[in-house]
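Residues per chain are reported as follows:
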Amino acid sequence: MTTAVVERWVEAPLETFVRDSGVSIALLLHPSGQVMAQHGFARAVDVMTACALAAAIHASSGELGRTLDGRPFTQLHHAGAERGISLTEATTRAGRFLLLAVFDHATSLGIVRLYAEEFAGALALAAPAPPQHLEPALAVNFERDLNRNLAVLFGRA
Amino acid sequence: MTVSPFASALDCLTRVRGVTAALVADERDGILVDARLHVGQRGDRVAALAASLYRKARLSAGSAGLGQVGFLQLEAANGRVCVVGRGDLVVVAVASLDANVGMIRVELLRAAEALA
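Chains as they are written, first to last, in our numbering: chain A, 507 to 663; chain B, 1258 to 1373.
Please note: incorrect hints may appear among the correct ones.
As the list claims (entries may be wrong) - The following label-pair restraints were derived from C-beta to C-beta distances:
#: 1; chain 1: A; residue 1: 518; chain 2: B; residue 2: 1264; range: 41 to 49 Å
#: 2; chain 1: A; residue 1: 518; chain 2: B; residue 2: 1317; range: 43 to 51 Å
#: 3; chain 1: B; residue 1: 1336; chain 2: A; residue 2: 565; range: 42 to 50 Å
#: 4; chain 1: B; residue 1: 1261; chain 2: A; residue 2: 635; range: 42 to 50 Å
#: 5; chain 1: A; residue 1: 648; chain 2: B; residue 2: 1295; range: 31 to 39 Å
The hints are simulated quantities; they were obtained by calculation from the structure and are not laboratory data. Beta carbons: idealized from backbone N, C-alpha and C, even for Gly.
Start from the sequences and build out the full structure, keeping to the hints where you can.
Printed below as a string of structure tokens:
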């Protein structure tokens, strides 16, 4: 299983995370749902779905955190019967990112959280300076960027 | 304020000379349940790694037909990690190299009995 990235600077941190944590699937995305990198997916449509759902979960849990605790939750875990997911926020100078990891009994939540934390630190160190003019995530740009990123990840660019 | 059911066992463990941290963690998830730590020690990291280590040792021992793991000790350059498991939980002691491993083992086994 290979790791595919849209921007090169996320590659090394993500590969290290996947190798050390033992997760079966990893997805790096913008909080808006734009994919940045993936490991373990075979189909673009699955990446697109996972990104949309992860972004929605993050937005919902963030609001819930603000309501309950006065600040958004930055880590979320859901335990399934066979597999679990972990959603971690990473803040860098290039913006905020979400790391969605899917893992099974080969590893544990504690290990995934530990390496997700290290991933967030490594990503912050690797992040380039933000562009001078950020394009707004308008619907028309969102669709275009999403399709471009998926094409890059699945070798159709 | 509720006292953790593991408080007494962890207190006994930390009274052993050379023990710098004592923890109870979930073996499968590697999540910290209760701990006695010094300032600056990261209990969540120790819990995750020690539980993972113990779980892999348990699975290895099982695969090799060696039966249950009684006591796990990892000796490193600057100290040692000792782990005993009962049910879904593990009790972990982090100690200096000059600590008495026999005493740590006794207290860990006592703590594990208290978990059962």
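Quick rundown of the hints versus the structure:
| no. | hint | verdict |
| --- | --- | --- |
| 1 | 518(A) to 1264(B): 41 to 49 Å | 43 Å, holds |
| 2 | 518(A) to 1317(B): 43 to 51 Å | 31 Å, violated |
| 3 | 1336(B) to 565(A): 42 to 50 Å | 44 Å, holds |
| 4 | 1261(B) to 635(A): 42 to 50 Å | 47 Å, holds |
| 5 | 648(A) to 1295(B): 31 to 39 Å | 49 Å, violated |
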